[in-house]
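Student: These are the residues of each chain, in order.
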Amino acid sequence: MKLTRRQLAAAISGAAIAQAQTPQPSAAPPDELEAARGRLKANSDLLAQQDVPAATEPAFRFQA
Amino acid sequence: MAAIPSDVYFNTISELSARLKAKEFKAEDLAHAFAERLAQLGPRYNALALPLTQEARRKGKAVDQDIKNDRWRSPLQGIPYGAKDLLAYKGQPTTWGAKPYAGQVFDFNATVIDKLDAAGAALTGKLAMVELAGGGGYRFASASLTGPGLNPWDRTRWSGGSSSGPAAAVAAGLVTFALGSETSGSIVTPASYCGVTGLRPTYGLVSRHGAMALSWTLDKIGPMARSAEDCGRILQAIAGGDGKDPGSAGTSFYYAPQYARPLKELKVGYAPVDFADRAEESARPAFQAALSALKETGVTLVETKLPPFPYGPILSTILAAEQASNFEQLINSGKVDQLIDAVQIAGLKASLELPARDYLKAVRLRRLIQEEFRKLFTQVDVLLAPGRPGPASKLEQALDRAGFQPPAGTPPGLQGIIQAGNLAGLPALVLPCGLADSLPVALQVVGAPFTENLLLGIGREFQTRTDWHKRRPPEL
Chain X
1 MKLTRRQLAA AISGAAIAQA QTPQPSAAPP DELEAARGRL KANSDLLAQQ DVPAATEPAF
61 RFQA
Chain B
1 MAAIPSDVYF NTISELSARL KAKEFKAEDL AHAFAERLAQ LGPRYNALAL PLTQEARRKG
61 KAVDQDIKND RWRSPLQGIP YGAKDLLAYK GQPTTWGAKP YAGQVFDFNA TVIDKLDAAG
121 AALTGKLAMV ELAGGGGYRF ASASLTGPGL NPWDRTRWSG GSSSGPAAAV AAGLVTFALG
181 SETSGSIVTP ASYCGVTGLR PTYGLVSRHG AMALSWTLDK IGPMARSAED CGRILQAIAG
241 GDGKDPGSAG TSFYYAPQYA RPLKELKVGY APVDFADRAE ESARPAFQAA LSALKETGVT
301 LVETKLPPFP YGPILSTILA AEQASNFEQL INSGKVDQLI DAVQIAGLKA SLELPARDYL
361 KAVRLRRLIQ EEFRKLFTQV DVLLAPGRPG PASKLEQALD RAGFQPPAGT PPGLQGIIQA
421 GNLAGLPALV LPCGLADSLP VALQVVGAPF TENLLLGIGR EFQTRTDWHK RRPPEL
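If you're matching them up, the sequences are chains X and B in order. 15 is the number that this note's numbering gives to position 15 of the first sequence; each next residue is one higher, with no gaps. 358 is the number that this note's numbering gives to position 358 of the second sequence; each next residue is one higher, with no gaps.
Careful, some of the hints might be misleading.
To be verified - Counterexamples of contact, computed for chain B against chain X with all Cβ distances above 10 Å:
{"hint": "1", "residue": "Asn11"}
{"hint": "2", "residue": "Glu36"}
{"hint": "3", "residue": "Gln236"}
{"hint": "4", "residue": "Lys264"}
{"hint": "5", "residue": "Ser282"}
{"hint": "6", "residue": "Pro285"}
{"hint": "7", "residue": "Pro313"}
{"hint": "8", "residue": "Thr317"}
{"hint": "9", "residue": "Ser325"}
{"hint": "10", "residue": "Ser351"}
{"hint": "11", "residue": "Glu353"}
{"hint": "12", "residue": "Ser438"}
Stated by the list, open to error - Pairwise CB distance ranges (calculated):
{"hint": "13", "chain 1": "X", "residue 1": "Gln49", "chain 2": "B", "residue 2": "Asp107", "range": "20 to 26 Å"}
{"hint": "14", "chain 1": "B", "residue 1": "Gly147", "chain 2": "X", "residue 2": "Gly38", "range": "25 to 31 Å"}
{"hint": "15", "chain 1": "X", "residue 1": "Gln49", "chain 2": "B", "residue 2": "Asp400", "range": "42 to 48 Å"}
{"hint": "16", "chain 1": "B", "residue 1": "Ala18", "chain 2": "X", "residue 2": "Ala42", "range": "39 to 45 Å"}
{"hint": "17", "chain 1": "X", "residue 1": "Asp45", "chain 2": "B", "residue 2": "Asp400", "range": "43 to 49 Å"}
{"hint": "18", "chain 1": "B", "residue 1": "Pro307", "chain 2": "X", "residue 2": "Gly38", "range": "24 to 30 Å"}
{"hint": "19", "chain 1": "B", "residue 1": "Pro307", "chain 2": "X", "residue 2": "Asp45", "range": "16 to 22 Å"}
{"hint": "20", "chain 1": "X", "residue 1": "Gln50", "chain 2": "B", "residue 2": "Ser6", "range": "34 to 40 Å"}
{"hint": "21", "chain 1": "B", "residue 1": "Gln329", "chain 2": "X", "residue 2": "Ala42", "range": "25 to 31 Å"}
{"hint": "22", "chain 1": "B", "residue 1": "Gln258", "chain 2": "X", "residue 2": "Glu34", "range": "53 to 59 Å"}
{"hint": "23", "chain 1": "X", "residue 1": "Ala42", "chain 2": "B", "residue 2": "Lys244", "range": "55 to 61 Å"}
{"hint": "24", "chain 1": "X", "residue 1": "Pro29", "chain 2": "B", "residue 2": "Pro307", "range": "35 to 41 Å"}
The hints are simulated quantities; they were obtained by calculation from the structure and are not laboratory data. Where a beta carbon is used, it is the ideal one built from N, C-alpha and C, also for glycine.
This is chain X alone, in the form it adopts within the complex:
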């Protein structure tokens, strides 16, 4: 398909406007992901220090 220069310019500017109007995804940067993993690890380390009697069952309910 052949486009005139005017048609090409219109298509490009339309695409640019559409792109500008679409909110860009704010993907978490790698350091945020590492920080989140670090928080889970810190929680895990704290939980590991807690003694739980062997007879303690998890506090969730299952009804048959």
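Since the structure of chain X is provided, determine the placement of chain B on it from the hints.
Tutor: Okay, now just chain B, sitting in the frame of chain X:
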């Protein structure tokens, strides 16, 4: 439409109900006036997710027919309300405050919506919330499809989250009451910041069928309103067993604070440091005055401590594991990147990697926490603490960074009571108790499971002696 007097917007449920019974105005006109006000002023506080003006008018018309036939269904008949946008409403978008779900439509109503419909209440709109109720954590108040929740007392301050819209809408007189939800602080925080009365019910008392699942073992739905009395009436309408909610306790609730134990017999556990060094300086006079007002009710204040557990890490671990399962598809599809807050995105992604041993350790520790709280409630009847240590934070404040910090070496007080209360499934009542920097601050009263009438009795008495729950934001 007939003119509606402007004082209705800050009426309590019983006041509005009396005016409807006296036929001072029609329910249809009342519902329409409230719906228009919500549609007009809701965006001013980023509190509105979806206006339901036509639906509200239809409901009002049906109520008028009931009134004409002298049929009274409940004290909520004809009362306008709003619902947090994580509750399904048939045929209309339910966004969960998040872009990936902006077009989501359910073909059924949440159980609580159906219950309020049966009681005759008029839903005037869906209310804004933090995206996905903030389960992954979030850095800024802007973490919402509708923008940052703005506090009606000062729009440069946050309304609190994740039930930001419900709290702001009640505070601004846009609805008479609202339904919010709490997994860890999502009713207590916005109710405290916006100066409204909020009730987090016992886990399992109110059905969550049709509500977004963030954490099956932590999620609760509860009312935000103008008084403890109103919260009691709403809870009576929405509580009860539901076979569609596997977490349902199968228990009803009848609001009857008159049958609760006399206040003179009650022991209220508290830590004085929570009202002094652990509170922001500007809030201390209000908290001290509130303590004095509470003492005048005849209760005995007893110094107490929380059982020593790392509540925050335990709750975060359970929440991370359950939300990872709930949002696995969102995360794996990459649509999670459409969320607004980078901390939320990262938190959700990381939660998929949580080891099973951590989750199981956390839910076993939770069992011990429940046992310790059972013992604690043999020594005191309720626990008392500030809702938050100070007034609403500034909008630009990073929420994942430490805010107010007490001096080093300050005793812990009842620090962690929000996480502890949620882990143990305990009810909590938030009572506005004063102003700090011209912004509301509040108390929270926490009880043993299914002691809502006791909490509401304390709240009702406190609110006969104070008028903080009646105060309005300056511009309203």
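Student: Give a verdict on every hint.
Tutor: Comparing the hints with the structure gives:
1. No beta-carbon of chain X comes within 10 Å of the beta-carbon of asparagine 11 (chain B); the shortest separation is about 40 Å.
2. Against chain X, the non-interface label of glutamate 36 (chain B) holds: every CB pair exceeds 10 Å, the least being about 30 Å.
3. Residue-level check passed: glutamine 236 (chain B) sits 25 Å from the nearest beta carbon of chain X, beyond 10 Å.
4. Every Cβ of chain X is farther than 10 Å from the Cβ of lysine 264 (chain B); the closest lies at roughly 35 Å, confirming the non-interface assignment.
5. At roughly 30 Å from the closest C-beta of chain X, the C-beta of serine 282 (chain B) stays outside 10 Å, upholding its exclusion from the interface.
6. Separation of proline 285 (chain B) from chain X is adequate, the least Cβ-Cβ distance of about 36 Å exceeding the 10 Å criterion.
7. Proline 313 (chain B), annotated as away from the interface, has a beta carbon of chain X within 10 Å; the closest lies near 4 Å.
8. In this structure threonine 317 (chain B) is not separated from chain X by more than 10 Å, as the shortest Cβ-Cβ distance comes to only about 5 Å.
9. Every CB of chain X lies more than 10 Å from the CB of serine 325 (chain B), the least distance being 13 Å, so the non-interface label holds.
10. At roughly 7 Å from the closest C-beta of chain X, the C-beta of serine 351 (chain B) falls inside 10 Å, breaking its exclusion from the interface.
11. Distance check for glutamate 353 (chain B) against chain X: the nearest CB is about 7 Å away, which does not clear 10 Å, and the non-interface claim fails.
12. Against the 10 Å criterion, serine 438 (chain B) stays outside the reach of chain X, whose nearest CB is about 34 Å from its own CB.
13. Between glutamine 49 (chain X) and aspartate 107 (chain B) the CB atoms are about 48 Å apart, so this pair departs from the stated range of 20 to 26 Å.
14. Under the hint 25 to 31 Å, the C-beta atoms of glycine 147 (chain B) and glycine 38 (chain X), about 30 Å apart, fit the expected range.
15. In this structure the hint that glutamine 49 (chain X) and aspartate 400 (chain B) lie 42 to 48 Å apart at CB is violated, the actual value being about 24 Å.
16. Restraint check, alanine 18 (chain B) to alanine 42 (chain X): a C-beta distance of roughly 54 Å breaks the suggested window 39 to 45 Å.
17. Between aspartate 45 (chain X) and aspartate 400 (chain B) the C-beta distance comes to about 19 Å, which lies outside the given range of 43 to 49 Å.
18. One distance hint, 24 to 30 Å for the beta-carbon pair proline 307 (chain B) and glycine 38 (chain X), holds here, with the actual separation near 28 Å.
19. A hinted range of 16 to 22 Å holds for the C-beta pair proline 307 (chain B) and aspartate 45 (chain X), which are about 21 Å apart.
20. Checked against the hint of 34 to 40 Å, the pair glutamine 50 (chain X) and serine 6 (chain B) fails, with Cβ atoms roughly 56 Å apart.
21. Between glutamine 329 (chain B) and alanine 42 (chain X) the C-beta distance comes to about 28 Å, which sits within the given range of 25 to 31 Å.
22. The hinted range of 53 to 59 Å is satisfied by glutamine 258 (chain B) and glutamate 34 (chain X), whose Cβ atoms lie roughly 56 Å apart.
23. A C-beta distance of roughly 38 Å is found between alanine 42 (chain X) and lysine 244 (chain B), which places it outside the suggested range of 55 to 61 Å.
24. Taken as a hint, the range 35 to 41 Å holds for the pair proline 29 (chain X) and proline 307 (chain B), whose Cβ atoms sit roughly 39 Å apart.
In this structure, the hints that do not hold are numbers 7, 8, 10, 11, 13, 15, 16, 17, 20, 23, in rising order.
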